[in-house]
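A.B. asks: Chain order of the listed sequences is B and S.
Residue 1 is where the first sequence starts when you use the working numbering, and the numbers rise one by one after that.
Residue 1 is where the second sequence starts when you use the working numbering, and the numbers rise one by one after that.
Hints listed in this document are in silico derivations from the structure and should not be mistaken for laboratory results.
Predicted model, so just to flag it, every value in this text is computed and none were measured.
Any given hint could turn out to be false.
[Stated by the list, open to error] No more than 25 Å apart at the CA atoms, straight line, and that leaves these computed lysine to any residue pairs for SDA-like:
1. S:40 with S:79
2. S:93 with B:49
3. B:60 with S:31
4. S:96 with B:49
5. B:60 with S:36
6. B:60 with S:61
7. B:60 with B:3
8. S:85 with B:39
9. B:60 with S:96
10. S:85 with B:54
11. B:60 with S:74
12. S:96 with B:28
13. B:95 with S:85
14. S:85 with S:39
15. S:96 with B:39
16. S:85 with B:4
17. B:95 with S:96
18. B:60 with S:93
19. S:10 with S:24
20. S:85 with B:25
21. S:85 with B:3
22. S:85 with B:10
23. S:85 with B:38
24. B:60 with S:68
25. S:40 with B:10
26. S:96 with B:134
27. S:40 with S:78
28. S:93 with B:72
[Unchecked claim] Derived list of chain B stretches under chain S, where covered just means 3 residues or more per stretch with a C-beta under 8 Å from a C-beta of chain S:
29. 32 to 39
30. 94 to 107
31. 116 to 130
Positions of the beta carbon are idealized from the N, C-alpha and C atoms, including for glycine.
So the chains spell out like this:
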Amino acid sequence: MSRIDSWIGTYCPNLSPGSYQVTSSATSDYNCIAWAAQSDDCWWDPTDPDQYWPDEVSRKLTLEAFIEAYQTLGYVPCNSVQYEPGFQKVAIYTKPNGEPDGEPTHVARQLPSGRWTSKMGSLEDIEHEVDALRGFYYGAVAQILKQFVSPSAD
Amino acid sequence: MLSQQAEIVKEFLALRQEWEREVAGASIVAEKTSHPAYQKIVDMGTAVIPLLLRELELRPNHWFAALRAITGANPIQPEQRGRTKQMAESWLKWGKENGYEW
Numbered sequence: 001m002s003r004i005d006s007w008i009g010t011y012c013p014n015l016s017p018g019s020y021q022v023t024s025s026a027t028s029d030y031n032c033i034a035w036a037a038q039s040d041d042c043w044w045d046p047t048d049p050d051q052y053w054p055d056e057v058s059r060k061l062t063l064e065a066f067i068e069a070y071q072t073l074g075y076v077p078c079n080s081v082q083y084e085p086g087f088q089k090v091a092i093y094t095k096p097n098g099e100p101d102g103e104p105t106h107v108a109r110q111l112p113s114g115r116w117t118s119k120m121g122s123l124e125d126i127e128h129e130v131d132a133l134r135g136f137y138y139g140a141v142a143q144i145l146k147q148f149v150s151p152s153a154d
Numbered sequence: 001m002l003s004q005q006a007e008i009v010k011e012f013l014a015l016r017q018e019w020e021r022e023v024a025g026a027s028i029v030a031e032k033t034s035h036p037a038y039q040k041i042v043d044m045g046t047a048v049i050p051l052l053l054r055e056l057e058l059r060p061n062h063w064f065a066a067l068r069a070i071t072g073a074n075p076i077q078p079e080q081r082g083r084t085k086q087m088a089e090s091w092l093k094w095g096k097e098n099g100y101e102w
């Protein structure tokens with residue numbers, strides 16, 4: 001069993017074998033927060049002064065700070081995980097259970113297929129359904145954000 | 001003396017393996033660095049500096065907080081924040097300038 005399959009089997013019990021696809025190599029060059037922002041060469045993190053975080057956003061591990069970080073890129077809050085042509089969506093997970101006052105644990109980005117792509121910490125990127133990461137480790141989706149890209153981006 | 005060093009290496013490798021296995025999927029650095037195995041490595045003090053530098057050379061990972069805590073230094077420039085390989089290179093340069101071998 002590969003390292004990521006083993007890790008997912010332990011920490012993501014709702015992500016069943018065969019329901020996700022590994023789509024990159026493992027690396028510590030970037031994390032899920034960066035990957036959701038379409039960056040694959042930087043680690044975004046408010047909790048460590050050596051990691052990147054937008055200058056204008058407070059370095060707090062809160063849903064509010066995460067929303068503000070993506071707002072610097074043009075994202076706005078929305079209520080639906082359904083794919084909308086012309087829009088890019090990201091999902092911010094908090095624990096416990098996606099509570100708004102919980103601590104952010106993870107961010108995923110929607111693909112044109114309607115499925116979602118996630119960088120799994122220092123492991124690989126995977127493609128998955130948005131609710132499949134629900135559980136004790138990542139919690140659940142607390143906020144969806146969307147950004148207009150363009151109809152041609154579909 | 002040699003056996004003492006060997007014990008340090010053995011303990012470090014066991015803690016590193018435990019840490020990597022359990023926080024590999026964490027994206028929040030504070031979660032990685034608050035793990036008990038990581039904190040035990042920090043508590044090992046200056047003896048693990050060469051081991052941490054070797055890790056950064058071979059496979060850059062989040063050893064920056066440990067090195068900051070142990071050495072009190074931070075050679076990372078603001079423009080390098082989040083750039084794991086560049087941050088590792090800065091620490092390796094710092095190590096050489098401060099006489100460490102790994």
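A.B. asks: Against this structure, judge whether each hint is valid.
C.D. replies: Hints, one by one, checked against the model:
Simply put, residue 40 of chain S and residue 79 of chain S have alpha-carbon atoms about 30 Å apart, too far for the 25 Å limit, and the pair is violated. About 20 Å separates the Cα atoms of residue 93 of chain S and residue 49 of chain B, which keeps this hinted pair within 25 Å; it holds. Proximity of residue 60 of chain B to residue 31 of chain S is assessed by CA-CA distance (about 14 Å); at most 25 Å being required, the pair is judged to hold. Between the alpha carbons of residue 96 of chain S and residue 49 of chain B the distance comes to roughly 23 Å, so the proposed pair stays at or under 25 Å and holds.
A C-alpha spacing of about 22 Å is found between residue 60 of chain B and residue 36 of chain S, which places the hinted pair at or below 25 Å, so the restraint holds. Proximity of residue 60 of chain B to residue 61 of chain S is assessed by CA-CA distance (about 22 Å); at most 25 Å being required, the pair is judged to hold. A distance of roughly 31 Å separates the Cα atoms of residue 60 of chain B and residue 3 of chain B; the hinted pair therefore is violated under the 25 Å criterion. Restraint check for residue 85 of chain S and residue 39 of chain B: satisfied, since their Cα atoms lie roughly 15 Å apart, inside the 25 Å limit.
For a cut-off of 25 Å, the pair hint linking residue 60 of chain B to residue 96 of chain S is broken: about 34 Å separates their Cα positions. Using a Cα cut-off of 25 Å, the hinted pair residue 85 of chain S and residue 54 of chain B holds, with the two alpha carbons roughly 20 Å apart. With a CA separation close to 21 Å, the supplied pair residue 60 of chain B and residue 74 of chain S stays within the 25 Å bound. Taking the CA atoms of residue 96 of chain S and residue 28 of chain B, the gap is near 23 Å; set against the 25 Å cutoff, the hint holds.
The suggested pairing of residue 95 of chain B with residue 85 of chain S is violated, with an alpha-carbon distance near 30 Å, which exceeds 25 Å. For a cut-off of 25 Å, the pair hint linking residue 85 of chain S to residue 39 of chain S stands: about 23 Å separates their Cα positions. Pair hint residue 96 of chain S plus residue 39 of chain B does not hold up; C-alpha atoms about 31 Å apart against a cutoff of 25 Å. With a C-alpha separation of about 22 Å, the suggested pairing of residue 85 of chain S with residue 4 of chain B holds against the 25 Å cut-off.
Straight-line distance between C-alpha atoms of residue 95 of chain B and residue 96 of chain S comes to about 42 Å, which puts the hinted pair past the 25 Å bound. Proposed proximity of residue 60 of chain B and residue 93 of chain S is contradicted: the alpha carbons are some 31 Å apart, above 25 Å. Between residue 10 of chain S and residue 24 of chain S the alpha-carbon distance is near 21 Å, which keeps this suggested pair within the 25 Å criterion. A C-alpha spacing of about 16 Å is found between residue 85 of chain S and residue 25 of chain B, which places the hinted pair at or below 25 Å, so the restraint holds.
At most 25 Å may separate the alpha-carbon atoms for a hinted pair to count; residue 85 of chain S and residue 3 of chain B meet this at roughly 22 Å. Restraint check: the Cα-Cα separation between residue 85 of chain S and residue 10 of chain B comes to about 29 Å, which exceeds 25 Å; the hinted pair is violated. The suggested pairing of residue 85 of chain S with residue 38 of chain B holds, with an alpha-carbon distance near 19 Å, which does not exceed 25 Å. For the hint linking residue 60 of chain B to residue 68 of chain S, the alpha-carbon distance of about 20 Å falls within 25 Å, and the restraint holds.
Restraint check for residue 40 of chain S and residue 10 of chain B: satisfied, since their Cα atoms lie roughly 23 Å apart, inside the 25 Å limit. Annotation: proposed proximity of residue 96 of chain S to residue 134 of chain B is violated, straight-line Cα distance about 45 Å (limit 25 Å). Between the alpha carbons of residue 40 of chain S and residue 78 of chain S the distance comes to roughly 28 Å, so the proposed pair goes past 25 Å and is violated. Straight-line distance between C-alpha atoms of residue 93 of chain S and residue 72 of chain B comes to about 34 Å, which puts the hinted pair past the 25 Å bound.
Beta-carbon proximity to chain S at under 8 Å applies to 3 residues in the stretch 32 to 39 of chain B; the threshold of 3 is reached and the given coverage holds. Judged by the Cβ-Cβ criterion of 8 Å, the stretch 94 to 107 of chain B is covered by chain S as claimed, because 5 of its residues qualify and three suffice. Residues of the stretch 116 to 130 of chain B lying with their CB closer than 8 Å to a CB of chain S number 5, which satisfies the three-residue condition for coverage.
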